Amino acid sequence: REWAIPTGTAVGMTAMIIRQDPTIFSEPFVFQPERWLSLDAAQLRMYVLPFSKGMRPCLGMHLVQAEIYLALAAIFRRF
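In the numbering used here, each residue's number is its place in the sequence shown (first place is 1) plus 14.
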């Protein structure tokens, strides 16, 4: 398809639909952590938007990143 979007038109997207697109992710509904170990993983990363992008990313993004940092620090401290 070819789309003509006029200049100045607001365009949005839903990240969930991208993650469920079989042309991007083979078998999108199957848990396959090894898909991120392949050579194509770098190309797939551009389709993963856990906190969104642009002017209004997720408000909790920095909180979650701090929580992950603290959780990993606690794990490494014990081992």
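These aren't lab readings, by the way, just hints derived from the structure by calculation.
Among the hints, a few may not be true.
As the list claims (entries may be wrong) - DMTMM-like mimics (lysine to aspartate or glutamate), calculated; alpha carbons at most 25 Å apart, straight line:
id, residue 1, residue 2
1, Lys67, Asp35
2, Lys67, Glu81
3, Lys67, Asp54
As the list claims (entries may be wrong) - For each label pair, taking beta carbons as the anchor points, the in silico distance ranges come out as:
id, residue 1, residue 2, range
4, Glu16, Phe93, 49 to 57 Å
5, Arg91, Pro36, 39 to 47 Å
6, Met69, Ile38, 20 to 28 Å
7, Pro47, Leu73, 24 to 32 Å
8, Ala18, Leu53, 33 to 41 Å
9, Arg92, Thr37, 23 to 31 Å
10, Arg15, Trp50, 45 to 53 Å
11, Ser66, Trp17, 36 to 44 Å
12, Leu86, Thr37, 29 to 37 Å
Model, not experiment: these values are computed from the prediction.
All C-beta atoms, glycine included, are put in the ideal place defined by N, C-alpha and C.
Structure-based check of all given hints:
no.	hint	result
1	Lys67 with Asp35	holds, 19 Å
2	Lys67 with Glu81	holds, 20 Å
3	Lys67 with Asp54	holds, 22 Å
4	Glu16 with Phe93: 49 to 57 Å	holds, 55 Å
5	Arg91 with Pro36: 39 to 47 Å	holds, 42 Å
6	Met69 with Ile38: 20 to 28 Å	holds, 24 Å
7	Pro47 with Leu73: 24 to 32 Å	holds, 28 Å
8	Ala18 with Leu53: 33 to 41 Å	holds, 35 Å
9	Arg92 with Thr37: 23 to 31 Å	violated, 43 Å
10	Arg15 with Trp50: 45 to 53 Å	violated, 30 Å
11	Ser66 with Trp17: 36 to 44 Å	violated, 22 Å
12	Leu86 with Thr37: 29 to 37 Å	holds, 34 Å
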